[in-house]
Amino acid sequence: GAVVSQHPSWVICKSGTSVKIECRSLDFQATTMFWYRQFPKQSLMLMATSNEGSKATYEQGVEKDKFLINHASLTLSTLTVTSAHPEDSSFYICSATAGASTEAFFGQGTRLTVV
Amino acid sequence: AQTVTQSQPEMSVQEAETVTLSCTYDTSESDYYLFWYKQPPSRQMILVIRQEAYKQQNATENRFSVNFQKAAKSFSLKISDSQLGDAAMYFCAYRSAFAGGTSYGKLTFGQGTILTVHP
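Taken in order, these protein sequences are the chains called D and C. Using this note's numbering, the letters of the first sequence correspond one by one to residues 16 to 130. Using this note's numbering, the letters of the second sequence correspond one by one to residues 14 to 132.
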């Protein structure tokens, strides 16, 4: 199947700093990418949907100024957590779909710890 | 809006036995896709099986099969001959077949079921 690479797999940052997470589709063009947040032993909560070349669509309750999403190309989407705080510590997962494909391909996830 | 419910937070099974994970969903749409994903301790999401709502035949992938009851909006996963490697968190997910809008391809997940396999 298609491969989605997410980087970094884990990151520790200081409170107040920003951190960027990358999501790349390695062997297909991802027209749409999705960003999820997952707390331990809980479900994946969709944060935003990102379409190449257009602004991301954020789910209700997600601060768009805090979680900046950029989808500048068909193979790369980035999530930047701005002015991170300890409550932003979580596991972030991206997924990508290629047009009419019914399957979503997931990245390996990023564990963010804010200290 | 669609919702997906997994009412079993945890399940356990003996190795080589069979276990069934439950999932119900709510939607007003007639055409959609349903999925079961596995998330092992590595936390990589792995697609186990998918079902198209317009197909009456239940999907099967080796030891994994589903019981899709469209009228009842039920989509259970049966794992036969359970193996230690099946231990993971399992998520049921819904995706609309409507090919339009900015959220095309969006998955709605259930709460998840933690499956433990005993040797």
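Some clues are possibly wrong.
Quick partial rundown of chain D residues pointing at chain C, CB under 10 angstroms, derived from the structure [what the hints assert, rightly or not]:
hint, residue
1, S58
2, T64
3, G122
Here are the simulated lysine-lysine pairs, DSSO-like style, with alpha carbons at most 30 angstroms apart [claimed, not checked]:
hint, chain 1, residue 1, chain 2, residue 2
4, D, K70, C, K86
5, D, K56, D, K29
6, D, K81, D, K56
7, C, K86, C, K68
8, D, K29, C, K68
9, D, K56, C, K91
10, D, K29, D, K79
11, C, K68, C, K83
12, D, K56, D, K79
These are calculated hints, taken from the structure and not from any lab test. Beta carbons: idealized from backbone N, C-alpha and C, even for Gly.
Tested hints:
1. S58: Where the cut-off is 10 angstroms and the nearest Cβ of chain C is about 5 angstroms from S58 (chain D), the hint holds.
2. T64: holds, 5 angstroms
3. G122: Check passed: Cβ of G122 (chain D) comes within 8 angstroms of chain C, closer than 10 angstroms.
4. D:K70 <-> C:K86: Cα-Cα ~34 angstroms, so violated.
5. D:K56 <-> D:K29: The given pair, whose Cα atoms are some 25 angstroms apart, holds under the 30 angstroms limit.
6. D:K81 <-> D:K56: Holds, at roughly 24 angstroms.
7. C:K86 <-> C:K68: The hint holds at about 14 angstroms.
8. D:K29 <-> C:K68: Status violated; Cα separation ~51 angstroms.
9. D:K56 <-> C:K91: Holds - the C-alpha atoms of K91 (chain C) and K56 (chain D) are around 21 angstroms apart, at most 30 angstroms.
10. D:K29 <-> D:K79: holds, 21 angstroms
11. C:K68 <-> C:K83: Holds - the C-alpha atoms of K83 (chain C) and K68 (chain C) are around 10 angstroms apart, at most 30 angstroms.
12. D:K56 <-> D:K79: Holds, at about 25 angstroms.
Consistency note: the structure conflicts with the earlier hints numbered 4 and 8.
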